[in-house]
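*Asks:* Fit chains H and V to the given chain R structure using the hints.
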Amino acid sequence: MTIIADEPVPEPQPGFLALALRNRSFVVGALLTLFIAGMALLSFFWTPYDVTRLVVADRMLPLSSAHWFGTDQFGRDVLSMIMIGARASIAVALVAVVIGLGVGVPLGCWAAARGGIVDEVLMRFNDVVFAFPALLMAILITAIFGPSATNAVIAIGIFNIPVFARVARAGALAIWPREFILAARAAGKGKARITAEHILPNIANLLLVQGTIQFALGVLAEAGLSYVGLGVQPPMPSWGRMLFDAQPRMMVAPTLALFPGLAIVITVLGLNLLGDGVSDAIDPKLRRQR
Amino acid sequence: MKTWKTILAAAAIALATSTAAMAARTDLVVGVVLEPPHLDPTAGAAAAIDEVVYANVFEGLTRVGPKGEVLPDLAESWTVSDDGKVYTFKLHSGVKFHDGSDFSADDVKFSLDRARAEDSTNAQKALFEAIDTVEVVDPTTVKVTLKQPQGAFLYNMAWGDAVIVSPKSADTNKEKPIGTGPFKFDSWARGAAIKLVKADNYWGAPAALDKVEFRIIPDASAAVPALLSGDVQAFPNMPVGDSLSQLQSDPRLKVVIGSTEGETILAMNNKKPPFDNLKVRQAISHALDRKAIIDGASNGLGTPIGSHFAPHNPAYIDLTGTYPHDVEKAKELLKEAGLENGFKTTLKLPPPPYARDGGQIIASELREIGIDAEIVPLEWADWLKQVFTDKDYDMTIVSHTEPNDIDIYARKDYYFNYDNAAFDKVIDELNLTSDEARRRELYGEAQKILAQDAPVGFLFELPKIGVWDAKLEGMWDNSPIQANDLTKVKWAE
Amino acid sequence: MTAYITKRLLIALVTILVASVIVFSMLEIVPGDPARVMLGMNATPEALQALRDQMGLDQPLLVRYFDWIGQLLVFDFGKSYTYNIPVRDLIAERVVVSLPLAIMALALSTLIAIPVGIFSAERRGRMADTLSMGAAQIGVAVPNFWFALLLVYVFAVWLRLVPAGGFPGWGAGAWPALKALILPAIALALPQAAILSRVTRSAMLDVLGEDYIRTARAKGMPRNVVLWHHALRNALIPVLTILGLQFAFLLAGTIIIENVFYLPGLGRLVFQAITQRDLIVVEGVVMLLVAVVVLVNLLVDLSYAVVDPRLRTSR
Numbered sequence: 001m002t003i004i005a006d007e008p009v010p011e012p013q014p015g016f017l018a019l020a021l022r023n024r025s026f027v028v029g030a031l032l033t034l035f036i037a038g039m040a041l042l043s044f045f046w047t048p049y050d051v052t053r054l055v056v057a058d059r060m061l062p063l064s065s066a067h068w069f070g071t072d073q074f075g076r077d078v079l080s081m082i083m084i085g086a087r088a089s090i091a092v093a094l095v096a097v098v099i100g101l102g103v104g105v106p107l108g109c110w111a112a113a114r115g116g117i118v119d120e121v122l123m124r125f126n127d128v129v130f131a132f133p134a135l136l137m138a139i140l141i142t143a144i145f146g147p148s149a150t151n152a153v154i155a156i157g158i159f160n161i162p163v164f165a166r167v168a169r170a171g172a173l174a175i176w177p178r179e180f181i182l183a184a185r186a187a188g189k190g191k192a193r194i195t196a197e198h199i200l201p202n203i204a205n206l207l208l209v210q211g212t213i214q215f216a217l218g219v220l221a222e223a224g225l226s227y228v229g230l231g232v233q234p235p236m237p238s239w240g241r242m243l244f245d246a247q248p249r250m251m252v253a254p255t256l257a258l259f260p261g262l263a264i265v266i267t268v269l270g271l272n273l274l275g276d277g278v279s280d281a282i283d284p285k286l287r288r289q290r
Numbered sequence: 001m002k003t004w005k006t007i008l009a010a011a012a013i014a015l016a017t018s019t020a021a022m023a024a025r026t027d028l029v030v031g032v033v034l035e036p037p038h039l040d041p042t043a044g045a046a047a048a049i050d051e052v053v054y055a056n057v058f059e060g061l062t063r064v065g066p067k068g069e070v071l072p073d074l075a076e077s078w079t080v081s082d083d084g085k086v087y088t089f090k091l092h093s094g095v096k097f098h099d100g101s102d103f104s105a106d107d108v109k110f111s112l113d114r115a116r117a118e119d120s121t122n123a124q125k126a127l128f129e130a131i132d133t134v135e136v137v138d139p140t141t142v143k144v145t146l147k148q149p150q151g152a153f154l155y156n157m158a159w160g161d162a163v164i165v166s167p168k169s170a171d172t173n174k175e176k177p178i179g180t181g182p183f184k185f186d187s188w189a190r191g192a193a194i195k196l197v198k199a200d201n202y203w204g205a206p207a208a209l210d211k212v213e214f215r216i217i218p219d220a221s222a223a224v225p226a227l228l229s230g231d232v233q234a235f236p237n238m239p240v241g242d243s244l245s246q247l248q249s250d251p252r253l254k255v256v257i258g259s260t261e262g263e264t265i266l267a268m269n270n271k272k273p274p275f276d277n278l279k280v281r282q283a284i285s286h287a288l289d290r291k292a293i294i295d296g297a298s299n300g301l302g303t304p305i306g307s308h309f310a311p312h313n314p315a316y317i318d319l320t321g322t323y324p325h326d327v328e329k330a331k332e333l334l335k336e337a338g339l340e341n342g343f344k345t346t347l348k349l350p351p352p353p354y355a356r357d358g359g360q361i362i363a364s365e366l367r368e369i370g371i372d373a374e375i376v377p378l379e380w381a382d383w384l385k386q387v388f389t390d391k392d393y394d395m396t397i398v399s400h401t402e403p404n405d406i407d408i409y410a411r412k413d414y415y416f417n418y419d420n421a422a423f424d425k426v427i428d429e430l431n432l433t434s435d436e437a438r439r440r441e442l443y444g445e446a447q448k449i450l451a452q453d454a455p456v457g458f459l460f461e462l463p464k465i466g467v468w469d470a471k472l473e474g475m476w477d478n479s480p481i482q483a484n485d486l487t488k489v490k491w492a493e
Numbered sequence: 001m002t003a004y005i006t007k008r009l010l011i012a013l014v015t016i017l018v019a020s021v022i023v024f025s026m027l028e029i030v031p032g033d034p035a036r037v038m039l040g041m042n043a044t045p046e047a048l049q050a051l052r053d054q055m056g057l058d059q060p061l062l063v064r065y066f067d068w069i070g071q072l073l074v075f076d077f078g079k080s081y082t083y084n085i086p087v088r089d090l091i092a093e094r095v096v097v098s099l100p101l102a103i104m105a106l107a108l109s110t111l112i113a114i115p116v117g118i119f120s121a122e123r124r125g126r127m128a129d130t131l132s133m134g135a136a137q138i139g140v141a142v143p144n145f146w147f148a149l150l151l152v153y154v155f156a157v158w159l160r161l162v163p164a165g166g167f168p169g170w171g172a173g174a175w176p177a178l179k180a181l182i183l184p185a186i187a188l189a190l191p192q193a194a195i196l197s198r199v200t201r202s203a204m205l206d207v208l209g210e211d212y213i214r215t216a217r218a219k220g221m222p223r224n225v226v227l228w229h230h231a232l233r234n235a236l237i238p239v240l241t242i243l244g245l246q247f248a249f250l251l252a253g254t255i256i257i258e259n260v261f262y263l264p265g266l267g268r269l270v271f272q273a274i275t276q277r278d279l280i281v282v283e284g285v286v287m288l289l290v291a292v293v294v295l296v297n298l299l300v301d302l303s304y305a306v307v308d309p310r311l312r313t314s315r
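In order, the protein sequence lines correspond to chains R, H and V. Note that full-length UniProt numbering gives residue 256 to position 256 of the first sequence, counting from 1, and the numbers run on in steps of one. Note that full-length UniProt numbering gives residue 140 to position 140 of the second sequence, counting from 1, and the numbers run on in steps of one. Note that full-length UniProt numbering gives residue 276 to position 276 of the third sequence, counting from 1, and the numbers run on in steps of one.
For the record, the hints were derived by calculation from the structure and aren't laboratory data. Since the model is a prediction, treat every value here as computed from it, not as a measurement. The C-beta atom is built at its ideal place from N, Cα and C for all residues, glycine as well. Heads up, a few of these hints could be off.
As the list claims (entries may be wrong) - Pairs of lysine to any residue residues, derived as SDA-like cross-links and limited to a Cα-Cα distance of at most 25 angstroms, are as follows:
(1) LYS79(V) / LYS329(H)
(2) LYS385(H) / GLY70(V)
(3) LYS385(H) / ARG36(V)
(4) LYS329(H) / THR52(R)
(5) LYS7(V) / LYS79(V)
Stated by the list, open to error - Computed list of chain V residues with no C-beta within reach of chain R, every gap over 12 angstroms:
(6) THR15
(7) LEU17
(8) LEU27
(9) VAL63
(10) VAL74
(11) PRO143
(12) VAL162
(13) ALA218
(14) LEU245
(15) THR254
(16) ALA273
(17) LEU302
Chain R on its own, in the form it takes in the complex (with noise of 0.2 angstroms):
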């Protein structure tokens, strides 16, 4: 990766979010990705109707200005599903994120540490999970275990885990030969410390980098997970299931299969632009580039 800069990658200075800003994809990002994380928000304290009360003889209306986006099959509002329903999005592939942070950055850092047979056992397993077609194996594992929130979340963050894995085990091997490390391990700190305190703060960046794509990806695997009836539960409202229910009734009322999209397209391409955004700011390199 050419992310890795010649010099130790600078902290976010004080000029980072200046930077960022000045950003187009960056502000373009934020802005979208902040939009669904406050509908989400909102949700919890108000929506334009209770969906947890179904109203069998207002189903499937037209967009008016009582129902903005219409009503589903059992009479519910689709602008309410849609914003509760960004809560399961971004509460299965948060989750499922830190999983593979929370595993994959000490199994990478502790690869690139010791190096030798740890390194090779670890990175071999790595390549076993990627071998694995991703999406078969959440199907497998969320129709063995039951369909649940809880059980896509495992599904989708156990492939995160070599994904995060290899980031950082990649930036950390980059940085362990630098002078400065050299310097600490004269000083006689031992390898965790070293770690924690020189090698994480150094590859933060990326991991943020990393983190923001896989938040993308998660997004997109909950509601594929969901939409083969594998992931969040009715009536817990997700945009995946939305879209299964809406497909049968595409002929009759396309905008229900409409609405749950383009929530999905936003917040994916929110999170990527946020992405691209802050690795544009972090790295002169790339910007030059651009």
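*Replies:* Here is chains H and V on its own, set in the frame of chain R:
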């Protein structure tokens, strides 16, 4: 000049009619929702098997007709002894299996003995339980002796599980079914389609169709466009989603709303508290708004039921008023049961839309009276294991599609965990009665006991939505048995 | 060189072996009794036991694992619990849907992405670049199954140009069969094209910045010759790597798309098998897909060695 015109017109008409006659189609593509796991009806319970092979490929001693009546099939006639224990079947002669071998009484004995053998994998072994011996009298006569008289014996022999197979092909029928019917198996592209062709030298009236394809289309989103485009010309049991009105308004199509034998119920675990309390079960019954459930889970087409019986059956009594939708009454009953604050429970749902959609509505209705039912979706495999076999459940929704199956409430160890001596007594008597009037009376009693006792929440009779090309004749309107009988189907000229 | 290849081969083998243990043990803990699934609600205990014996379900664990591995080595995937025919035949029937679909999608994605990537790189920072990369950014964000739904609505429900789902089989003729694959291929290709065009663009930018390209230009070589001949050839290595990975991904990634369109392909086979607890089919298909992914990764690794001699000694 005028004559010329007349001649031309006459010629045109003649031409038109003759091309029409020539073009009278003899092929048909039928849409089915579920793919059968295999094609041997004597070794599997899946309705999807019978939906392809029943009456078309395989035939039994008797068969079920379009109105649910028992008709002679391979047996052209029979006599019953006075004590009701000995059935003597006279078989058709000149019948051949599709592999060219002759059909005879030996095949009947083989098939019945095989089905009731110890190591039999027949899914409906209970159908043959009453049989004591099967004897071959001569090549076209079979004598079946029962252990005790059985009112439904001829009906039992009409099930797809009781069709007659040849010893030569019995083990390979799963992949390459060999029967005696008017169609023979041609090919099976797994996951896509099963093809049948007309059999040569069929013993009865030959089929009008030459080629039949059962195309597997599991969902409304693909089924509706396939019918509208003409790729599929008939969908006897169609998933329409919410597109029914669109199909009905198309003049090229005929939409028939028929009945099935599917009693859709909210089953409860009667041994597990608080469902062992009659008041709780009554409260739940009062909480159910059948209209909303039918609207939301069945296109508004299902017929409400108040007991476990099909409304089109002559012995049916309307008991839907036993526990009408009444939220206040339901809350009161819960209070009497000492559960005024409601309780938490689970609702396990198998995959069909009636269960998954109905489950959400019912969960919402139960919430109204304070019952918090968590929805647990299950695949069929898990449902069979957890709910049906291990009885590890509180509530579930399922449609019991076997015909005349009210006796399941008398079965020991059935998944309802329901035990009612009075009910068992009625069923016991029913099993030994062959007098129609008395049977009807007993069916009525059984229905009433169940309605009052509310071992399950009775929801609705599953509708059969059949859609096919308006020029197609001979399709069944109703589903008295799970089958797509195409033997009388033809294209109008 | 030989050492490098040997090592890569060994790693691939170990990967497949570990994967087989994981797959086998995962499916061991699956709840559900295949015999019950096959016989249904009213089956008697005796009938169930008879079938269990027939299928060898009561054998010890290790015996079954080694039986299974031994059979896999001779491409015998066992017999499907539900269909009762060899899994190999089932896979063969389904591959003729999934493979053409994956190839069509890959071809489509390549045909769109590479020209767009080159075009954007060449016009870096201009309107055309901004627009196409903006479109790519959106393309990456679109879930392929949602895009598939939109395609179905426009082309199947509304315009009625192609079927909304199902597959008539190759026996129905090449055109009807291809027609059924068009929408799924487009739905699969678009997000991949978006990724690939971004990779192509950045690879081209890397190469265009190199000294020898500048020299070639300075020498007055025609623009197109420089671009297509020198730059593209060198940018192709990372692009081909991604393509290789995408092919493996596409084969597996057809699962959801095949479900949207009800295509009887490998993805739908394995999905159905999971829900019907036809474990032997699941095992077979998953192992096949894992083997394909490992094989493709191996080929990519080996091609590196051919292209870049330095890699042969390092690692």
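*Asks:* Any hints this thing doesn't respect? Which numbers, in order?
*Replies:* 1, 2, 5, 6, 7, 8, 11, 14, 15, 16
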